[in-house]
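So the sequence lines, in the order shown, correspond to chains A and B. So in the numbering used here, the last one in the first sequence is 529, and the numbering has no gaps at all. So in the numbering used here, the last one in the second sequence is 171, and the numbering has no gaps at all.
The hints are simulated quantities; they were obtained by calculation from the structure and are not laboratory data. Just to be clear, a hint being listed does not mean it is correct.
Claimed, not checked - Stretch by stretch, here's where chain A covers chain B in the computed footprint (C-beta under 8 Å, at least three residues): (1) 32-39; (2) 121-132; (3) 147-159.
What the hints assert, rightly or not - Taking CB as the label site, the calculated pair distances span: (4) B:D157 with A:E103: 36 to 42 Å; (5) B:G144 with A:S401: 42 to 48 Å; (6) B:L79 with A:Q131: 47 to 53 Å.
Note that beta-carbon positions come from the ideal geometry of N, C-alpha and C, so glycine has one too.
Letter by letter, the chains look like this.
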Amino acid sequence: MSIKVYVPRDTTTQALGGEYVVSRLQAEAASRGLDIEIVRNGSRGLCWLEPLVEVDTGNGGRAAYGPVSPGDVSALLDAGMLDASTDHPLALGEVTEIPYLKNQQRLTFARAGVTDAVSITDYRQHGGFDGLEKALQMSAQAIVDDVKTSGLRGRGGAAFPTGIKWQTVLGCDADQKYIVCNADEGDSGTFADRLVMEADPLMLIEGMIIAGLAVGADQGYIYLREEYPLAHQILNEAIANATEANWLGDNIQGSGCNFQLEVRLGAAAYICGEETSLLNSLEGKRGLVRAKPPLPAIEGLFGKPTIVNNVLSLAAVPYILANGGQSYADYGMGRSRGTLPFQLAGNIERGGMVELAFGPTLRELIETFGNGSASGRPLKAIQVGGPLGAYLPESQWDLPLDYEAFSADGAVLGHGGVVAFDDTVDMSEQARFSMEFCVAESCGKCTPCRIGSTRGVEVIDKIRAGQNTAANLELLDDLCDTMIYGSLCAMGGMTPFPVQSAVKHFPDDFIKAATTTDGGASA
Amino acid sequence: MTVTPQWDRTAVQQILESLQHTPGALLPILHAIQDSQGYIPPESIQMIADALQQTRAEVHGVVTFYHHFRLSPPGKHVVQICRAEACQARGVRALEAHAKNTLGVDYHGTTADREITLEPVYCLGNCACGPSIRVGEQIMGRVDAERFDALVEELTTATLELK
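Only chain A is shown next, with the shape it has when bound in the complex:
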């Protein structure tokens, strides 16, 4: 019988030579007369160990090896990799015993890396569609109630209670409603949506069908960023397989319920991650932000009641339905219930995805899981929550990771992205980039964002050149206030967060510029 060898089919794995590892394995096995079956599983999110190769031990376990480069394959086979030997420097032992993985609380990502991502058989064997089967027996209101009980809040960053949003759409009387999945994961440092779509896309599909049942919608769209070509391909394969197996399409499993699903590609516009801009884009328009009200739940896509939920919100739903809302709510702290997949990125030795209940501190994440910086230098700043999130100095690393605790301290948890910078970073350069990014990505509809960001770049340039530093810092603060209070959406409204936090916590980087020039222009 052939031995199963798993090599993830995932962007990070591929980016680090995964495809070459597969071809080398095939070639070596053929020349040695070994009978192996290569399975393309999803990534477990242990990015620092990719390509992470796993071998089926035949007794329910999997021996892990990583990070494997194509040149390691021959030596690994020599060392007895196919017999689960640990006699090689890359041998990691049983994969589920790797502390990075073992110490997580995986609800949403329980199947990630275990299954072939697009296999309906694998999915079913590991609890897939259990939630949908239950939902098909429930009333729409009962489904919404279960989601409310779970305490699930929008994982895209705004943290709006998902059940309340669903209730609003359920309460609308309309001939057509839509389920839109926001898969325009544009925040730097975040890749959990991509991991869901590449490692367990059927879970997202299941979550969307359940949402459709909950509010009476039979059409769904996944708005996916163009920058994720592999996720696009995998999602389309998963949709085709689900349709073929009658878990999607007309009369799902003979229930009389229908749900059609289509992936639509964005076109490289960060602003389209904002839900109203996303809806305009889906309608074939420029991605301009809409004024609210009306809420998308009442007048959304093509003017119809629409649920717009993030990938992670929808991906949490199958678990909630299968196990009951309370079992999800049992995790977490305060009003932040359940788990959040934190993503460790940037200058971190062990970057990857860590799913935990809300509540641990940033320090635990970057030290216990991340093992400090990749460069070996001390860490200086951590940006949490994407390009619109604040830069946190070490004094804030003991904050519990919880929506309210973060917000109370002027920080943003957002989508759970954690980007670490070592002490070589110049925070005035980072502040400048935040404004520059807003110049590039503002939709242009409102003035504080469109013009304010350009003026912001100019003022920061003056500060960095040492011109009238004190006066220009005051001007920058004033400009930030205008953007925060005058912008239509979070793009202009939150761009000042990283800027102001950089100025507040790392003033030396701004003053330094002034003192290292001759200061001739200073007043």
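Start from chain A and add chain B according to the hints.
Relative to chain A, chain B alone:
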């Protein structure tokens, strides 16, 4: 030297016929045209507008809103460098400078031999293993100056062989 790029009017017409009745058809149409032609031929905008019963200005507005769509043909290979924070923390600023210097172009520029067009991108989702770049459908991680040079060498050599 100015060369008027050639584009396939029939192919564009077929795309329009197959997609124009899709709800919210414009982005899928523009993607299909750019995938088949390499860019959105400016002359095709009127055709698109007619098919969707929109004005040329509306279609032009959409094409120019999104960074992905281009109105002129790129070089043989589009190389995108991720400029976002996670890659900055891993040294992408040095890589950007190296790439611009080596290729002799700034962002949005195409090398004189029309082999490579350099573009910025804001996040490829490979944030734990940056700096990241993308060529076509392939994303590469932990790219330093040396790997970048090897890539450029590979891309330009491969195309020479095809000739």
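Distance restraint hint 47 to 53 Å, applied to the beta-carbon atoms of L79 of chain B and Q131 of chain A: 50 Å, holds
Check of the region 147-159 of chain B against chain A for coverage (Cβ-Cβ below 8 Å, three residues minimum): Per the Cβ count (4), the hint holds.
Coverage of the region 32-39 of chain B by chain A, judged on three or more residues with CB within 8 Å: Result for this restraint: holds, n = 7.
Satisfaction of the hinted span 42 to 48 Å by the C-beta atoms belonging to G144 of chain B and S401 of chain A: 45 Å, holds
Coverage of the region 121-132 of chain B by chain A, judged on three or more residues with CB within 8 Å: holds (count 4)
Satisfaction of the hinted span 36 to 42 Å by the C-beta atoms belonging to D157 of chain B and E103 of chain A: 41 Å, holds
Violated hints for the displayed structure: none, as all numbered hints are satisfied.
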